[in-house]
Amino acid sequence: MISSDNAQTFAWQFNENDQEFSLQGSLRPQRVDDLTGCMTALENAVSTVKGRFYLNVRRLVRMNNVAFQAIAQKLADTCTNRPDLNIQITTSSVVGWSTRKFAALQATNENISVSEYDSEFYPGQTFLEEGGFIPILRTQTKLTWHHEREILRRHGMQPGLQMADICCGIGDFAVLVQKEFEPGRLVALDHSKSSLDYARKVADEFGVRGIEYVFGDASEMLLESNQFDFVTCRHSLQVFNHPEHILQELFRICKPGGRVYITNEKNSHCLGEPRSETIQWTYNEVAKLWAHFDMDIEFGPKSRRYLQDAGFDDIKMESFMVTNLDGNPQDFADIIQSWENVYAGQMAVERGDNPEFIARFRQGFQDHIFAAKHPKGYAGWPIWVASARKPK
Amino acid sequence: MPEASYSPSSPNPAGNMIELDLDVQDFASDWSNCDSMSSYVSRMVCHNRTDSLLFANLYSSALNELLETAFRVHGRTGQLVCRFRRTGDVDRIEIDMPSDDGVLSFYQGAVDLARGPDAQTVYLDKLFSSDVPDMALSLLELSVDYGADLSLTRDDQAQRLCLAAELVLEEPKP
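Chains A and B are the protein sequences, given in the same order. So the first sequence is numbered by my numbering: it starts at 1 and just counts up by one. So the second sequence is numbered by my numbering: it starts at 1001 and just counts up by one.
Read the hints as simulated data drawn from the structure, not as lab findings. All the given hints hold, so there is nothing to weed out.
Sample of chain B residues at the chain A side, in silico, Cβ under 7 Å:
#	residue
1	Trp1031
2	Pro1133
3	Leu1137
Per the computed footprint, the stretches of chain A lying under chain B, defined by three or more beta-carbons under 8 Å from a beta-carbon of chain B, are:
#	region
4	55 to 64
5	88 to 96
6	208 to 217
Even for Gly, the Cβ is constructed at its ideal location relative to N, Cα and C.
Could you build all of it, start to finish, from the sequences and the hints given here?
Take a look at the structure:
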């Protein structure tokens, strides 16, 4: 049975290629008989597999004991009748209850193991979380907010809206939105627990109340459908290897008539004078480097196509340039230095680039910093903004 | 289980967040009431928790098990009163229902098992028993998996009992 998009609906699916049976939604039957269809499908699935059988309950949001006992007994019987099978149950830390509940099966059957899906959700997560990136994100937001506080109004942001900021990172954008627009509700979701801890600490320190910081996977959110007027997702589609999955989820949680607002970059269009040629070379290489890790730092201008393909209408699009003239040029320089540290210092090294390449690669960043701090220089970082309406 | 006297809530006790009051026969006329009530209440009480979504999921799951138990085992007539309270990090759920000897005996036995030293073993035994689902399973799970502190108070004269679960669903803030 193919899933509907509503978390309150129960669904199951068997992927024969992966030998994976997935359950999702809310499963609270009154009687075991209510599960006949699902249990038959599970039984049929088990009968076709060899070796390892996967039970995926990552998106099973709710489950009562009637259902759990029925499934537990089915799996225990399977272990008895098919000692050749190894059953791997995948739970999610986002759901909260499922790992503990299914662990009971692991405790009583040596052929059943339970693992919590809490790995990296996008290819560059390790770089971004462990690359000393968090401090510099505040500076980035400070410089982009200089532009976005007005841009947001043009894209429909106004006080009192039900808003979600997906992939909120360290939550500073959410804080600025809360202060500037006073939304009726603001949910900020991210998959980095350390970033969320930081976000909560900052909000608490600055006395900002009312932001719900929640842990979750942007490509499989547990937020209910059709509940937000304005959904933002900034600088994030470009770091996912399947941005269309995220857009589907943004579409789902947005109310009909509401808007989804995304920002992304096209790093090869970063520019600077003087030393424009070395700067240009380095940022072209940045694009290739990201592509090597299945990320698309050139995503910005593609936003219109992706939004159309996701089913949105009334697409609005514009771009702006963060420059060394937006404030203190040192802020701009600090951002570029952090890029050099992560891109040249970590990602290029992991790709296996030779020292000569890395030295040339680094030089472009240093020249960009030189341009930013030069009394007659100009340095820019372009960002594309797009928003679109979910049809009514 | 220690003896306790029945002590219905005062009208506005500290920490009282929500109270639902409905006829027990109406409640027990539709199974989906359990899901609707647990979903509604969890959404209402989660907004100021550290992670509202995670808290709502856990709260809804725990409350649903209590309500499903009450759905199956309750006295025949009277009001079902559900009180939702919070003191600090402790959430207290009270299910106050009409009772009779059979109902009281069931809850007394289930709470004793859940509070007993072998709760984990009993829970696993009942989970994998091939009999019909054991109605005490939910209360055992609340104790074993959620660390719920379950208690029971009774009013023999009014033929009512109050099942209470105290839960800490969030890790302490660092």
